[in-house]
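Keeping the supplied structure of chain G fixed, place chains X and L upon it in accordance with the hints.
The residues making up each chain are set out below.
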Amino acid sequence: MPRNFGQVSRRRFVAGAAGSGAAIVAPAVFTGARAADELKMATFFPLSGPAALFGPTGTACTRLAVDEINAAGGIGGRKVTIVPADGGAPPAEAAKAAIRLMLRDKVELVVGSHNSAVREAIVAALKGKIPYVYTPLYEGGECNPNVYVTADTPQQQVQPSITWLARTLGAKTYYLIGNDYVWPRKTNEQAKKYIAEAGGSVVGEEYVPLGAPNKFEDAVTRIKAKNPDLVVITLVGGDNVNFNRTFAGFGLDKSIKRISYLLEELTLLGIGDKSSNGLYSAMSYFVNEKSEANAKFKASFAKAFAPKPPPLSMLGVDSYSGVYCAKALIEKAGGTGDAGRLMAASNALRYRTATGTAVMTNRHVVKDMFLAECKGTSFEIVETFKAVAHGQACS
Amino acid sequence: MDPILTTNILNVVYEVSTLAVVVLGLAVVFGLLNVMNLAHGEFVMIGAYCAFFVQTQDLPFLAAVPLALLVCGFIGLVVERILVRPLYARPFDTLLATWGLSMLLREAVEAIYGRGFRSVATPLTGSVDVLGAGYPAYRLLLTAVSIALVAGLVWWFVQSATGRRIRAVVNNPELAGSVGIPVTALARNTFVFGCCLAALAGVMLAPLLPVNPTLGLDFILKSFFVLVVGGLGSLVGLISGAGVIGGVESVVSAVSDRTWGYSTVLVIAILFLWLRPNGLFPRT
Amino acid sequence: MTGAANGEVFSFAGVTGGYGATTVVRGVHGAIAAGEACCVLGRNGVGKTTLMRLLTGHLLLRSGTVRLAGQPLDGLAPDERHRLGLVYCPQDRPVFDNLSVRDNLTLMGPIDAGRHAPLLAAFPVLEARMAQSSGTLSGGERKLLSFVRGIAEPGRLLLLDEPSEGVQQENVERMAGFLREAKAAGRALLVVEQNLAFARDIADRVIVMDRGEVVLAGSAAEIDEDTLAAHLQV
Numbered sequence: 008m009p010r011n012f013g014q015v016s017r018r019r020f021v022a023g024a025a026g027s028g029a030a031i032v033a034p035a036v037f038t039g040a041r042a043a044d045e046l047k048m049a050t051f052f053p054l055s056g057p058a059a060l061f062g063p064t065g066t067a068c069t070r071l072a073v074d075e076i077n078a079a080g081g082i083g084g085r086k087v088t089i090v091p092a093d094g095g096a097p098p099a100e101a102a103k104a105a106i107r108l109m110l111r112d113k114v115e116l117v118v119g120s121h122n123s124a125v126r127e128a129i130v131a132a133l134k135g136k137i138p139y140v141y142t143p144l145y146e147g148g149e150c151n152p153n154v155y156v157t158a159d160t161p162q163q164q165v166q167p168s169i170t171w172l173a174r175t176l177g178a179k180t181y182y183l184i185g186n187d188y189v190w191p192r193k194t195n196e197q198a199k200k201y202i203a204e205a206g207g208s209v210v211g212e213e214y215v216p217l218g219a220p221n222k223f224e225d226a227v228t229r230i231k232a233k234n235p236d237l238v239v240i241t242l243v244g245g246d247n248v249n250f251n252r253t254f255a256g257f258g259l260d261k262s263i264k265r266i267s268y269l270l271e272e273l274t275l276l277g278i279g280d281k282s283s284n285g286l287y288s289a290m291s292y293f294v295n296e297k298s299e300a301n302a303k304f305k306a307s308f309a310k311a312f313a314p315k316p317p318p319l320s321m322l323g324v325d326s327y328s329g330v331y332c333a334k335a336l337i338e339k340a341g342g343t344g345d346a347g348r349l350m351a352a353s354n355a356l357r358y359r360t361a362t363g364t365a366v367m368t369n370r371h372v373v374k375d376m377f378l379a380e381c382k383g384t385s386f387e388i389v390e391t392f393k394a395v396a397h398g399q400a401c402s
Numbered sequence: 084m085d086p087i088l089t090t091n092i093l094n095v096v097y098e099v100s101t102l103a104v105v106v107l108g109l110a111v112v113f114g115l116l117n118v119m120n121l122a123h124g125e126f127v128m129i130g131a132y133c134a135f136f137v138q139t140q141d142l143p144f145l146a147a148v149p150l151a152l153l154v155c156g157f158i159g160l161v162v163e164r165i166l167v168r169p170l171y172a173r174p175f176d177t178l179l180a181t182w183g184l185s186m187l188l189r190e191a192v193e194a195i196y197g198r199g200f201r202s203v204a205t206p207l208t209g210s211v212d213v214l215g216a217g218y219p220a221y222r223l224l225l226t227a228v229s230i231a232l233v234a235g236l237v238w239w240f241v242q243s244a245t246g247r248r249i250r251a252v253v254n255n256p257e258l259a260g261s262v263g264i265p266v267t268a269l270a271r272n273t274f275v276f277g278c279c280l281a282a283l284a285g286v287m288l289a290p291l292l293p294v295n296p297t298l299g300l301d302f303i304l305k306s307f308f309v310l311v312v313g314g315l316g317s318l319v320g321l322i323s324g325a326g327v328i329g330g331v332e333s334v335v336s337a338v339s340d341r342t343w344g345y346s347t348v349l350v351i352a353i354l355f356l357w358l359r360p361n362g363l364f365p366r367t
Numbered sequence: 041m042t043g044a045a046n047g048e049v050f051s052f053a054g055v056t057g058g059y060g061a062t063t064v065v066r067g068v069h070g071a072i073a074a075g076e077a078c079c080v081l082g083r084n085g086v087g088k089t090t091l092m093r094l095l096t097g098h099l100l101l102r103s104g105t106v107r108l109a110g111q112p113l114d115g116l117a118p119d120e121r122h123r124l125g126l127v128y129c130p131q132d133r134p135v136f137d138n139l140s141v142r143d144n145l146t147l148m149g150p151i152d153a154g155r156h157a158p159l160l161a162a163f164p165v166l167e168a169r170m171a172q173s174s175g176t177l178s179g180g181e182r183k184l185l186s187f188v189r190g191i192a193e194p195g196r197l198l199l200l201d202e203p204s205e206g207v208q209q210e211n212v213e214r215m216a217g218f219l220r221e222a223k224a225a226g227r228a229l230l231v232v233e234q235n236l237a238f239a240r241d242i243a244d245r246v247i248v249m250d251r252g253e254v255v256l257a258g259s260a261a262e263i264d265e266d267t268l269a270a271h272l273q274v
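Residue numbers (the working numbering), protein chains in the order written: chain G, 8 to 402; chain X, 84 to 367; chain L, 41 to 274.
Calculated directly from the structure, the hints in this document are not laboratory data.
In silico EDC-like links for lysine to aspartate or glutamate, alpha-carbon gap of 16 Å or less:
(1) G/LYS264 x G/GLU380
(2) G/LYS233 x X/ASP85
(3) G/LYS261 x G/GLU380
(4) G/LYS315 x X/GLU193
(5) G/LYS113 x G/ASP44
(6) G/LYS136 x G/ASP112
(7) G/LYS231 x G/GLU213
(8) G/LYS231 x X/ASP85
(9) G/LYS200 x G/GLU212
(10) G/LYS233 x X/ASP340
(11) G/LYS231 x X/ASP340
(12) G/LYS103 x G/GLU127
(13) G/LYS103 x G/ASP93
(14) G/LYS47 x G/ASP74
(15) G/LYS47 x G/GLU338
Treat the numbers as computed from the prediction; the structure is a model and nothing was measured.
Isolated chain G (complex conformation) (with noise of 0.2 Å):
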């Protein structure tokens, strides 16, 4: 059921009039028509499982990024609150919570960083009745309506990563790792596709579990064996610690480069200064960006949760992103409540990021690239890959 825009409209108006010397007044004089004009927020950021270390990041960011819009009016005039749920449950409950929160808590707006399964989940839970801004790296394909996806997708991290390193590396033999599930998967296919375009080939290819407590003993054994001059890494979390511990471990480090696709500060941490030698990471946003804007982001970041601020990372930051996304989705839209008039507004979207401002279209971001190596356990950025297309098609 469409929502009335005369509404929104006067909502509009109203925090227009209030203006910047009145919003001191205004929730003194509009107590009573507060609760009904908040704009209620669903976020999904994993609170338990694996994934559960990126959870205090996201809810830092987002709360951030809200407190932020609310101090300047809200979206559309609406002052934003948040209602959080688990993205790190099974799919089956989220999809619980995320219908839950939409029928009962009468949220109008999803932001979620987790993964596809959930992500898969929650699409078919909301079946496009209201916003869904998904922001964490992805395989690529979401064209679900009223579904926008900020993430990173293969062709932005692979891509211009893939052909940089095969230029100035010469790499010509390419060995790939991942975990077993689609993003390691479709990822594998776009850099497969890379490899030939740069004239390299695929010496080996293998995927181990997701959740199990894999050792990579033998994958390294195997690498050995095939001396690649890269290794192309989707493993994910725990797994990609282990394995980029145990292949330095053996000593592989010297001879043989490495790029992660999921591999950002956090990570990072765990694989630790003797084992990062040689390994490349490539994703839209390294905590040590040098952006003026990512300065500030970084600055009331601090600010914001001293004296002890969460980790940032870019699986959290990407839902900073995410909820400026929305705001300019809303507000271009008009409202909430027609899925037609926010897909239409989505295209050519300009929106704040951390590090600056984005552009979507098809539902998808058109974003700089970083290309980062691990110096230590830090990131630092050799190459920056301007507006890379995201390749996806969702009209």
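Relative to the frame of chain G, chains X and L by itself:
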């Protein structure tokens, strides 16, 4: 010999021996007390965090050994007194209680160190040439220490007076008390000893693991498989169980991949539960 | 107050207990002085072994008292009673059958020339099998091993539950000899027996139980054969 083959063989030996050390404490406690300590993996995890702690204090790696023994020994002592001892005769309740304990310990460590991964630097870097194959020195040392530890414990268990008394209690707990073996104290010491063994395994493995609060969960399942296959009766069963589980997984993983290695182990464990529930060396 | 003062090493009164909700032994009492043997007689299933397990701390008393040298044993674990001088040779599973004969004897200390040597000399069947697992012994041989283990211990009170069960006649007679020596050395004995001749041979006092209660008690000399037989008849 082909260096890759040598490396693969060393991988198998490494996996089996380190697995045996992890399971050792669990098996000793179960053998004597009939208590399956589901928090065993968390003691491994705490041992690993002790290694991380000494690193942050700029202390030598080996300082983690006494620290881990002290910390886990103390926790073990308290846990035995307030949780395990009152529930000795109620195996299902001890399962629940130690499972609860495992969650508590995970949460406690998380409260101190957070959920993030920590890395412990390898105390011994570089590699050693074994029959033409370069193998990481620390892994070799770890394999040697693990084998020595298991062998030493077996030897002690077989020939020492305390070892004999432990076997006596396992065989006939009622008579053991009547011949003057201090059964309660022995049970307490054994539990603490099991916790200390886990702690030691944690310190030893810390440089090779993603140190995080959920680390222990990775160990408890595989330890179960070892006990299922080996049987709960003896150290021979334990070692053969570690040999079968660790060996099969790493051999299959080496010739195929981890998915096959892991599923083969699962199938073996299920077959054992189904066809030979008392394992290779059942308790008499 | 009875106690160590009038020569009583071991006394128990009102001993009541059993398994779960079932009371097996009710109000059993008795006393043994130093150098004295008391035999507990009764048909199968009247609670003799349960009484022994109550006295040794393997079962909790529901009510009653047990004193060793005047000291109450309430709440003491079997190993703590052992330390006070209570030696127990149970009827069932009398040895550690996963240990060798030697290990059974040396569990708490080395072989003692003074105490073990005469016993092993008297029972060559054990001496010949010192290195063998006691699990390979016959039932009677296990009882013999248990007897040797118990009587070689220095405790002042010896509780034996059917020591002669399955043991060859010549060895039963040797056992009786060692028990008389123990009495002469001032030890107190409480022996559960089915073998009436053996009991007659060693007992100074007799307790006859039926359905968990004492039905007859007194000095062995005063109780005539017929009365005893009447109580033990099925």
